[in-house]
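*Asks:* Residues per chain are reported as follows:
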Amino acid sequence: MTFDVAVEVRLRPGIADPEGSTIERALPALGFEGVSGVSVGKSIRFRVEAPDEGSARELVQDMCDRFLTNPVIEEAEIALTPAATAAAVD
Amino acid sequence: MATRIAVIRFPGTNCEFDVAEALSDLGATADILFHDERSLGGADAVVIAGGFAHGDYLRPGAIARFSPIMDAIRRFADEGGPVIGICNGFQVLTEAHMLPGALQKNAGSKFRCETVELRVESTRSPLTSRAQVGDVLRLPINHFEGNYTCSPETLEELRAEDRIILRYVDNPNGSVDDIAGICNAGRNVVGLMPHPERACNELLGSGDGIVMMRSLIDAASAAAAAA
Numbered sequence: 000m001t002f003d004v005a006v007e008v009r010l011r012p013g014i015a016d017p018e019g020s021t022i023e024r025a026l027p028a029l030g031f032e033g034v035s036g037v038s039v040g041k042s043i044r045f046r047v048e049a050p051d052e053g054s055a056r057e058l059v060q061d062m063c064d065r066f067l068t069n070p071v072i073e074e075a076e077i078a079l080t081p082a083a084t085a086a087a088v089d
Numbered sequence: 000m001a002t003r004i005a006v007i008r009f010p011g012t013n014c015e016f017d018v019a020e021a022l023s024d025l026g027a028t029a030d031i032l033f034h035d036e037r038s039l040g041g042a043d044a045v046v047i048a049g050g051f052a053h054g055d056y057l058r059p060g061a062i063a064r065f066s067p068i069m070d071a072i073r074r075f076a077d078e079g080g081p082v083i084g085i086c087n088g089f090q091v092l093t094e095a096h097m098l099p100g101a102l103q104k105n106a107g108s109k110f111r112c113e114t115v116e117l118r119v120e121s122t123r124s125p126l127t128s129r130a131q132v133g134d135v136l137r138l139p140i141n142h143f144e145g146n147y148t149c150s151p152e153t154l155e156e157l158r159a160e161d162r163i164i165l166r167y168v169d170n171p172n173g174s175v176d177d178i179a180g181i182c183n184a185g186r187n188v189v190g191l192m193p194h195p196e197r198a199c200n201e202l203l204g205s206g207d208g209i210v211m212m213r214s215l216i217d218a219a220s221a222a223a224a225a226a
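Residue numbers (numbering that gives the first Met the number 0), protein chains in the order written: chain Y, 0 to 89; chain A, 0 to 226.
Fair warning: there could be bad hints in the mix.
Claimed, not checked - Cβ-Cβ distance ranges computed for the label pairs, FRET-style:
#1 Y/Arg-11 to A/Gly-185: 49 to 57 Å
#2 A/Ala-184 to Y/Arg-44: 33 to 41 Å
#3 A/Gly-206 to Y/Arg-46: 51 to 59 Å
#4 A/Arg-158 to Y/Phe-45: 39 to 47 Å
It is worth saying that the hints were derived from the structure and are not from the lab. Idealized CB from N, CA, C, for every residue including glycine.
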């Protein structure tokens, strides 16, 4: 099966997020008041082949632990959805 | 024969010529090696120079870890060879798990580019053997991700094993325990954020990096003699 994968990489709580705090400080200049807790991460999207969703998740988790995140400072949230295949469209 | 030190250049490295010049001014032979090499060519020490290896894509050092030269560097380090990572090189060594912890973005949102004072905390490293504990060195820093962080257990280990080799006198980036440089358990792998190679000439503002470069050349000579 093919899965569409979206990995959201976030900084762990307590890790400096100067981008987030700078955005938060800039928003009131445009009149957006009352915004708090701005944090900036990154999103990584790709497709993966695996026999089933469980093994796909395991594979992506391994990628996150060993490469896509630095576990000392980052954490990841993984979203998996079965990819729309040509066969399904037919 | 002059001591040979390999200076590693990834795509995006930009401090390799400064390192090579500082070392050759002090009598060593510096060979700049591109990251796709698989051998260190018999070098007696390795410097991973600063810059933006592989564009700092994903995270600083994250891609550099997979460059072919890294296997050779890891083997060299495992055999006790001196390996120094300066600035981006420090980030590469943490991403390669050759040093513990990570470099997060500076506290205070600022890219810091200035000369700072550093206190030598341990002389048991290939970069500080010629210095004295308590010496204050003036070295340039030039980084955005220089805020050293690690788990409380790692910090305890670094302290207990005398592996914090340099501390900022006035912490510029939020690093835990004012850490500017550390070494591995074997004491032959060192990472630091400041640039000693840019402080090897009084005309350029400071000659305080010379003691570090000389220490490194000593370590390389000792490694050559042992080989």
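*Asks:* Now tell me, hint by hint, if it's right for this structure.
*Replies:* Consistency of the hints with the structure:
{"no.": "1", "hint": "Y/Arg-11 to A/Gly-185: 49 to 57 Å", "verdict": "violated, 29 Å"}
{"no.": "2", "hint": "A/Ala-184 to Y/Arg-44: 33 to 41 Å", "verdict": "holds, 39 Å"}
{"no.": "3", "hint": "A/Gly-206 to Y/Arg-46: 51 to 59 Å", "verdict": "holds, 55 Å"}
{"no.": "4", "hint": "A/Arg-158 to Y/Phe-45: 39 to 47 Å", "verdict": "holds, 41 Å"}
Hint compliance for this structure: hint 1 is the single one not met.
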